[in-house]
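2 protein chains.
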Amino acid sequence: MSGFEIDRRALLGAGLVGAAVTGIGGTRANPAPLAPGVSKANFTAAMNAMRAVVGAEWAFADPDTVIPYAKTYIPDPHHRHVPVGAVAPATVEQVQEIVRIANAFKQPIWPISTGKNMGYGSAAPATPGQIVLDLKRMNRILEVDPELGTALVEPGVTYQMLKDYLDDNNIPLWIDVPTVGPVAGPVGNTLDRGVGYTPYGEHFMFQCGMEVVLPDGQVMRTGMGSIKGSTAWQAFKWGYGPYVDGLFTQSNFGVVTKMGMWLMPRPPVYKPFMIRHADMGDVGKIVDTMRPLRVSSLIANGNLMMSAAYQLAMFKRRNEIVADGRPLDDDSVKKAAKANGLGMWNTYFALYGTEGTVAAVEPIIRAAIGASGGEVLTAAEMGDNPWFHHHQTLMAGGLNLDEIGLLRWRGNGGGLAWFAPVAAAKGSETTGQTKLAREILDKYGFDYTAAYVIGWRDLHHIIALLFDKSDPDQEQRADACYRELVTRFGEKGWASYRTGVNSMDLVAAQYGTVNREFNATIKHALDPNHILAPGKSGIA
Amino acid sequence: MSGFEIDRRALLGAGLVGAAVTGIGGTRANPAPLAPGVSKANFTAAMNAMRAVVGAEWAFADPDTVIPYAKTYIPDPHHRHVPVGAVAPATVEQVQEIVRIANAFKQPIWPISTGKNMGYGSAAPATPGQIVLDLKRMNRILEVDPELGTALVEPGVTYQMLKDYLDDNNIPLWIDVPTVGPVAGPVGNTLDRGVGYTPYGEHFMFQCGMEVVLPDGQVMRTGMGSIKGSTAWQAFKWGYGPYVDGLFTQSNFGVVTKMGMWLMPRPPVYKPFMIRHADMGDVGKIVDTMRPLRVSSLIANGNLMMSAAYQLAMFKRRNEIVADGRPLDDDSVKKAAKANGLGMWNTYFALYGTEGTVAAVEPIIRAAIGASGGEVLTAAEMGDNPWFHHHQTLMAGGLNLDEIGLLRWRGNGGGLAWFAPVAAAKGSETTGQTKLAREILDKYGFDYTAAYVIGWRDLHHIIALLFDKSDPDQEQRADACYRELVTRFGEKGWASYRTGVNSMDLVAAQYGTVNREFNATIKHALDPNHILAPGKSGIA
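In the order they appear, the protein sequences are chains V and E.
Sequence positions in the first sequence follow the numbering used here and run 1 to 540.
Sequence positions in the second sequence follow the numbering used here and run 1001 to 1540.
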């Protein structure tokens, strides 16, 4: 998978983009390298065959249309994540045809849903030479059952579309959004095992039933989906026999063309909280305070502990806090945080229930948190504070794009890579993690803009590696920094739950050879030509 | 898989059991047929090799020790579910050795945990010629984390052992038991995707991390389990890359040797409820009343609707209700139910929380249920009623064997097969289901002893097909009846979530050829010699 590097900027600078290079199907040729073993003739034939399936306007190999699929926020200094084409089918049958064509020409294809996997590689493929299989046109909300609280959607459906549908039809169900919910969609996010903010935040846990185009072109429905006349496809997760839905998450074993999900009934009362703690060293204490509340389900949603720097980076520029070139010291951060109503750690959670249940739980939570030295704040105190408003919105399944502000922290270059190692939800885990993260980030000149999240029993450390991607030196450093983060955290037992297309092999290797061989065995059995998303999660 | 039938009773009657037949390793020979393609010499060699691994006292091929593994409550009129031997390893390394031996001699092995899969086939294999791989000696509770609410256990651990461990160590965590919890165990039940009674009743949902001996003898740990030094193996379900734990449920792709699980913190207040409804036709109304309470999580555990006949069968003999040979008419059932404080439907659920939350939720629930015509009853009214006490115990993770009483309903012959079709949790589903079930059961002379359960969004119809297995005619009829239930419910879209070893092919076929081929492809890739539990879930 190496030796196929392209300097996109050099190509762009040389005026290739926009030049009338005669190429495939009469369009301009894409200068990105083809996949290993795929000849120009086969690539051209595959593109032509796909074009015949979807129509000329929905299959592209010219740089103008393809380059946007390579736009990422992650470090990619060697421009390895550039596709050679894109095809956008409108139906399941077209997806089947495309998969069969890919097999015929051994042309790899990289499925995306809405392609907004921000900070993990967006729409870009893990390895060179792939055609992006863009499912954005398959964007129907096929069913919402207001009584059961279920939905069945296609991959191109965005969270915004689903939210609008519920609002327009007065259906009292909530969605659960990840960051950048408006442009992202439930299928892509769930398949990447993304996480949101409400009690339904563990998206894959609340997924129910899939339709999958297998690498051989057959359509399979999981769970109860293959039972003619069943009412339970979106009601019962497991079906009969091996439960296989998990195989289609963070993997390349099939193209998911429909996905069922559970939606949360809108609670009569929703009360969001913010807890302010004064010192960076408080986070261990916060985790140990929140864990029993979360594990006992007194708090039903994930508990998000946002560092001041992460919070500031959402709405401020770095040079509003410290001068360019200076390290982001705690004193400066604390000062800016205080000026904006923030603590050094800001913990968000909510109560969902009835008047009575919320009133019953609130004092218990206040007592526990008070003992940890935290200030308990609600809408009454925080009013229109933009940070509080942001989290208040997200924890009620609301949509906003505030976190896109992170991309402007160091300038307009838009560099962001999420690093997300996992531990048990114990305060003792935070000391070493925060220290190690700061050491590595400092070394490369980046800031500790991070959060911790308690899920069901887990503690995710979510580090936003922010850099200016328009600065080649910063991109190089960010790349090296990310790799060192993955490697050194992994050595301590803190492996990632998710990673960008630039680091999938690195993370997969940490999970060991037996697991990799197991995945490779399944891959080869299901996809003997390895046409589906090679490189995804380190699976060739 | 056909043509290998043995009349066990005939053999027993002929005095073969107990006769000094010279056989393998000096013990008496097992007259059960060998697996297709396995020669006597290879079987003998495999047994000898396994004996060398585990010691002579833990590998058996003589009928005396093997026949108990064939004891089931399900109909098996042709005695197809008789193993040819059993081997009981004490360590993971021994399991690996046994798997390697099985491959060398192409001798199929059938893993069991505690072997108490009552009403689904207990310890018996799906097809003839298998050696039972009995994991009962691997019965260590490896870890319980009281703070996280997690446990890591071996397959031989029973629910009783885990409960005793928690009690003995004053750990305020609950377990969640299926029926016959004392003798069954969490690994076997979870892998069969069994269900219990507390908010953690969907066992596979609350499973976290596995260790698996793969069919090639390698050991794989799922989730975070392969990360050296990780604290998150029992804290975070998914790991990185495809989530594969589901592959090892209801399947034959590996031998699970360790399993992690989440345990529920003991709530400060636990209040069980029973709702009495007067008529068989009320069940649809009950489902529609309970669903919104369940889907909104106002009620956090599954809602179990027990028909009067099922309830009576737990503690009564059939001939206490109607004379032998007479149909079990509704009037007689209603009379007996009333005499025992029961309605025709008896719905059980509980509130779990604090004084305040329970007090806040109870009136809402009472109002909703009152509107459905149900009588809301609690410990205050039901006192020591044995049925209430039974469910009160189960919904608090308590243990009892009351439901074994079902086996005595029609005599001492102990015949029971669970039929468990799945639908969405809508009242409209019950009308057709109850009618069809009664029609088929009536046709074969059996009783409608059934329950419905609302899970997360699903409605399981749990029908206990009770017969006297000591009566060959009843066993034949029960076999035909079960098959007709599966077939005709399946035609209506009501397929089973789980079934006995005697009907796995039948159910698997309903899930269609694409799904079966998918499973077969994975099976062949992971287990090319098909040595692991052929026939399980219809996967050869």
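Since the hints were derived computationally from the structure, they do not count as laboratory data.
There may be inaccurate statements among the hints.
To be verified - Cross-link-like lysine-lysine pairs, in silico, BS3-like; alpha carbons within 30 Å at most:
#1 V:Lys426 with E:Lys1163
#2 V:Lys316 with V:Lys338
#3 E:Lys1271 with E:Lys1285
#4 V:Lys435 with V:Lys492
#5 V:Lys443 with E:Lys1426
#6 V:Lys426 with E:Lys1228
#7 E:Lys1271 with E:Lys1426
#8 V:Lys228 with E:Lys1335
#9 V:Lys228 with E:Lys1163
#10 V:Lys163 with E:Lys1492
#11 E:Lys1228 with V:Lys228
#12 E:Lys1228 with V:Lys285
#13 V:Lys271 with E:Lys1271
#14 E:Lys1335 with E:Lys1228
#15 E:Lys1443 with E:Lys1426
#16 E:Lys1435 with V:Lys435
#17 V:Lys492 with E:Lys1271
#18 E:Lys1285 with V:Lys228
#19 E:Lys1435 with V:Lys228
#20 V:Lys285 with V:Lys271
What the hints assert, rightly or not - Just a sample of chain E residues kept apart from chain V, beta carbon distances all over 12 Å, derived:
#21 Asp1167
#22 Trp1262
#23 Ala1300
#24 Ile1364
#25 Leu1399
#26 Arg1438
As the list claims (entries may be wrong) - Here chain E is said to cover these stretches of chain V; the calculated rule only asks that three of the stretch's residues, wherever they fall, bring their Cβ under 8 Å from a Cβ of chain E:
#27 63 to 76
#28 239 to 250
#29 304 to 315
#30 505 to 512
Glycine included, C-beta positions come from ideal geometry on N, C-alpha and C.
The hints, checked one at a time:
1. A threshold of 30 Å between alpha carbons decides the hint, and for Lys426 (chain V) with Lys1163 (chain E) the separation of about 25 Å falls inside it, so the pair holds.
2. Note on Lys316 (chain V) and Lys338 (chain V): the hinted pairing holds, with a Cα-Cα distance of about 14 Å set against a maximum of 30 Å.
3. Of the supplied pair hints, the one linking Lys1271 (chain E) and Lys1285 (chain E) holds, its CA atoms being roughly 23 Å apart against a limit of 30 Å.
4. With a C-alpha separation of about 12 Å, the suggested pair Lys435 (chain V) and Lys492 (chain V) falls inside the 30 Å cut-off, and the hint holds.
5. With a C-alpha separation of about 59 Å, the suggested pair Lys443 (chain V) and Lys1426 (chain E) falls outside the 30 Å cut-off, and the hint is violated.
6. Between Lys426 (chain V) and Lys1228 (chain E) the CA atoms are separated by roughly 18 Å; this keeps the pair inside 30 Å, and the hint holds.
7. Of the pairs offered as hints, the one joining Lys1271 (chain E) and Lys1426 (chain E) holds, with about 26 Å between alpha carbons and a cut-off of 30 Å not exceeded.
8. Simply put, Lys228 (chain V) and Lys1335 (chain E) have alpha-carbon atoms about 40 Å apart, too far for the 30 Å limit, and the pair is violated.
9. Using a Cα cut-off of 30 Å, the hinted pair Lys228 (chain V) and Lys1163 (chain E) is violated, with the two alpha carbons roughly 42 Å apart.
10. A hinted pair counts as satisfied when its Cα atoms are at most 30 Å apart, and Lys163 (chain V) with Lys1492 (chain E) does not qualify at roughly 34 Å.
11. Between Lys1228 (chain E) and Lys228 (chain V), the direct Cα distance comes to roughly 46 Å. Violation of the 30 Å bound is thereby established for this hinted pair.
12. The hinted pair formed by Lys1228 (chain E) and Lys285 (chain V) meets the criterion: a straight-line CA distance of about 26 Å does not exceed 30 Å.
13. Proposed proximity of Lys271 (chain V) and Lys1271 (chain E) is supported: the alpha carbons are some 26 Å apart, at most 30 Å.
14. Taken as a hint, the Lys1335 (chain E) and Lys1228 (chain E) pair is broken in the structure, with Cα atoms around 63 Å apart against an allowance of 30 Å.
15. A distance of roughly 27 Å separates the Cα atoms of Lys1443 (chain E) and Lys1426 (chain E); the hinted pair therefore holds under the 30 Å criterion.
16. Distance restraint check for Lys1435 (chain E) and Lys435 (chain V): the Cα-Cα separation of roughly 65 Å exceeds the 30 Å cut-off, and the hinted pair is therefore not satisfied.
17. Using a Cα cut-off of 30 Å, the hinted pair Lys492 (chain V) and Lys1271 (chain E) is violated, with the two alpha carbons roughly 44 Å apart.
18. At roughly 26 Å between alpha-carbon atoms, Lys1285 (chain E) and Lys228 (chain V) fall within 30 Å of each other, so this suggested pair holds.
19. Taking the CA atoms of Lys1435 (chain E) and Lys228 (chain V), the gap is about 20 Å. The hint holds against a cut of 30 Å.
20. Restraint check: the Cα-Cα separation between Lys285 (chain V) and Lys271 (chain V) comes to about 23 Å, which is no more than 30 Å; the hinted pair holds.
21. Under the 12 Å C-beta cut-off, the non-interface status given to Asp1167 (chain E) relative to chain V holds; the minimum distance is some 19 Å.
22. The non-interface label for Trp1262 (chain E) is inconsistent with chain V: the shortest C-beta to C-beta separation is roughly 6 Å, within 12 Å.
23. The claim that Ala1300 (chain E) lies off the interface is violated: its Cβ sits roughly 8 Å from the closest Cβ of chain V, which falls inside the 12 Å cut-off.
24. Residue-level check failed: Ile1364 (chain E) sits 7 Å from the nearest beta carbon of chain V, not beyond 12 Å.
25. Residue placement check: Leu1399 (chain E) keeps its beta carbon more than 12 Å from all beta carbons of chain V (closest about 23 Å).
26. Against chain V, the non-interface label of Arg1438 (chain E) holds: every CB pair exceeds 12 Å, the least being about 20 Å.
27. Counting residues of the region 63 to 76 of chain V whose beta carbon lies closer than 8 Å to any beta carbon of chain E gives 0, which falls short of the minimum of three for the stated coverage.
28. For the region 239 to 250 of chain V, the stated coverage by chain E is satisfied: 12 residues place a CB nearer than 8 Å to a CB of that chain, which reaches the threshold of 3.
29. Coverage of the region 304 to 315 of chain V by chain E is violated in this model, with 0 residues showing a Cβ closer than 8 Å to a Cβ of that chain against a need of three.
30. Check on the region 505 to 512 of chain V: 5 of its residues sit with their Cβ under 8 Å from a Cβ of chain E, so the three-residue criterion for coverage holds.
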